[in-house]
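**Q** Spelled out, the chains give:
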Amino acid sequence: MNKTSATAYTNRLFMLESCKRKVRIDGRSVYEPRALKISFVGSPVVDQVALDAAARDDTSLDPLNDLSVPAAVDCQWQRGHAEARVGQTVVIARVSATIITPTIDRPAEGTFAVNCDIPADMPPTIPASQVQRLVDRAISETRVIDTTQLCIEVGTKVLAIRVDIRVLNDDGSLVDAATCAAIAALLHFRRPAFSVNDAGSVVIHPPTERAPLPLSIHHTPLALSFAFLRGSSDMILDPSSKEEELTLQPPLVKPTNLINMFSMMAHKPLTPAAENPKSDAESVADNDSEGAILTVVVNRQNEVCLVVKPGGAPVAPATVLHASRLALTVVADRLEVIRNAILADRLARKVQARLDCQ
Amino acid sequence: MFASREFVSPEGLRLDGRRVNELRRLRVRSGPLTDADGSSYLELGNTRVLVAVYGPREVSSAKAARQTTQSSDRATVCCQFSMATFSGGERRRKIKGDRRTMSHASALEKAFSSTIAIDKIPPRSQIDIFVEVLQSDGGMLVACINATTLALIDAGIEIRDYLCASSSALLNDITVIDPNQNEEQSFGGSPTATVAVLPVTGGVVYLDVDTRLHIDRLEELVNQATTGALTIHTLLEKVVRDRTQSTVSTTSAQQNA
Chain A
1 MNKTSATAYT
11 NRLFMLESCK
21 RKVRIDGRSV
31 YEPRALKISF
41 VGSPVVDQVA
51 LDAAARDDTS
61 LDPLNDLSVP
71 AAVDCQWQRG
81 HAEARVGQTV
91 VIARVSATII
101 TPTIDRPAEG
111 TFAVNCDIPA
121 DMPPTIPASQ
131 VQRLVDRAIS
141 ETRVIDTTQL
151 CIEVGTKVLA
161 IRVDIRVLND
171 DGSLVDAATC
181 AAIAALLHFR
191 RPAFSVNDAG
201 SVVIHPPTER
211 APLPLSIHHT
221 PLALSFAFLR
231 GSSDMILDPS
241 SKEEELTLQP
251 PLVKPTNLIN
261 MFSMMAHKPL
271 TPAAENPKSD
281 AESVADNDSE
291 GAILTVVVNR
301 QNEVCLVVKP
311 GGAPVAPATV
321 LHASRLALTV
331 VADRLEVIRN
341 AILADRLARK
351 VQARLDCQ
Chain B
1 MFASREFVSP
11 EGLRLDGRRV
21 NELRRLRVRS
31 GPLTDADGSS
41 YLELGNTRVL
51 VAVYGPREVS
61 SAKAARQTTQ
71 SSDRATVCCQ
81 FSMATFSGGE
91 RRRKIKGDRR
101 TMSHASALEK
111 AFSSTIAIDK
121 IPPRSQIDIF
131 VEVLQSDGGM
141 LVACINATTL
151 ALIDAGIEIR
161 DYLCASSSAL
171 LNDITVIDPN
181 QNEEQSFGGS
191 PTATVAVLPV
201 TGGVVYLDVD
211 TRLHIDRLEE
221 LVNQATTGAL
231 TIHTLLEKVV
241 RDRTQSTVST
251 TSAQQNA
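Line by line, the protein sequences give chains A and B.
Heads up: the first sequence at position 121 corresponds to 121 in our numbering, and the numbers run straight through without jumps.
Heads up: the second sequence at position 194 corresponds to 194 in our numbering, and the numbers run straight through without jumps.
It is worth saying that the hints were derived from the structure and are not from the lab.
This one's a predicted model, so the numbers in the text were calculated from it and none came from an experiment.
Note that the Cβ used here is the ideal one computed from N, Cα and C, for glycine as well.
Treat the hints with care, as some may be off.
[What the hints assert, rightly or not] With a cut-off of at most 30 Å between alpha-carbon atoms, the simulated BS3-like pairs for lysine-lysine come out as follows:
1. 120(B) <-> 63(B)
2. 63(B) <-> 20(A)
3. 242(A) <-> 63(B)
[Claimed, not checked] Chain A is faced by these chain B residues, among others (derived, beta-carbon under 8 Å):
4. 103
5. 104
6. 106
7. 107
8. 198
9. 206
10. 207
11. 214
12. 220
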């Protein structure tokens, strides 16, 4: 259960020391994010050879050229089911739509809810409830979806959009991966089309009859985490779970013999470490100061949607502003990754549809 | 409708008559509860909170026991946050245990865990903070943080520095300091920043910026809230000094008599 005991004492010292020298254990520099990978579950997987062959044959296969796959064909593949990988962190998000009766105070508005499921046998470094609250605030409270567009019939039928997020593996920055998966799934999702018929009643069309429509999305915010390791004044971007651990307060177990070993490894004279209780290595570990985690949610319009620092070590206000500016570029890159994944998926659907016809 | 209302008049006055950089009236009482180890009562405009602090004492709650097993060398801070049924505009029976109060409680816990000089507190002990909101009119967490700092000082628990909080909001492109509920909820939730700082170093311990705003406005919003927190620090410090002065003079008078 307790993750602080997962990393050995000497390893933690090593990580703190190397972080002071601006190197991280996975070889990244301090402001370098891990690569984001987006894939869509239940989408056709077309191999590269077939894609290349199809692209050579037909220039109309440009992915930007939308809706050439008939809805009746397209609906055999899933939509709105995305998997995001940030390093070893894996999160899936699935969007679903159901028809519900609206509340009395908002008769013409659909609902939008985010549910984040973190398995109990995989407790994240920061408490699960905090992660869930952050994801909820980042996605649903920043009004990503225009809920007024989800009304089918005022007072009786509206669409309820729901995003179910599930964490498959945690290697730090869970909130970041969860928002990426959720936004990718929302952009990929299609809701059923509906219209009013001659008799004046509302008809919901099956996908074989009329093409489902994308959701109307106001903006696409993504979260980015920053960690302030204890004993170090610098922040690091996109921490892994080992690095997140180092923001917590350390247990006060002081294996003095190990400290001596460490100072030997660091080519330091053994005697001062043995005699002087405040050797370099020990002062890092002894320092009761803790680290902190800062989460910034920004969108492509250079807007800050959320900045949360729940406690921990005090940081300068200027650092927070710096972090927000860094987040803008990283989030823009990640949104580009999501966009490319959606375009690639569109192309794969076109090619697969064509292969199926042959 | 609220949406079309002017929140700041051309003369630079807000609806409640304050200027944009003016805090609400702060009234504080240190130690109103005699049975608690430390307590405080704080009014920030119409927001009223009462805080009681107990400890450091033996671990009693299940939550603290869980935390103690996780880190056996430290004292734990436990916070219970509740709002009186009559605290809001409408009477609400079940106000405890919902998501918002839980997040306020955990925010206070985390912020004060790093403010209390935890290495000076006996390990495996527990400090309890009980916060009761009697009336809420915006800036609830701000009032709670300031009141808790005062109650901790009253309890004689060692802290690194005062933890002082304030908030600011962006209304129609104008940054106002210490918004009340009306201003916080304007335009369906205007951008607000809640900041808690340690005044001597100026380090931000707690920060929460909500709802979309352009990044160029972030600095101003955070700076205004920090300025407010520093103003509150001078006010709180005066209260603590005055109270200590009067305690000292009464004890010495008793000794002389």
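**Q** With reference to the structure, classify each hint as holding or not holding.
**A** Hint check results:
| no. | hint | result |
| --- | --- | --- |
| 1 | 120(B) <-> 63(B) | 22 Å, holds |
| 2 | 63(B) <-> 20(A) | 35 Å, violated |
| 3 | 242(A) <-> 63(B) | 25 Å, holds |
| 4 | 103 | 6 Å, holds |
| 5 | 104 | 11 Å, violated |
| 6 | 106 | 7 Å, holds |
| 7 | 107 | 6 Å, holds |
| 8 | 198 | 5 Å, holds |
| 9 | 206 | 6 Å, holds |
| 10 | 207 | 4 Å, holds |
| 11 | 214 | 6 Å, holds |
| 12 | 220 | 10 Å, violated |
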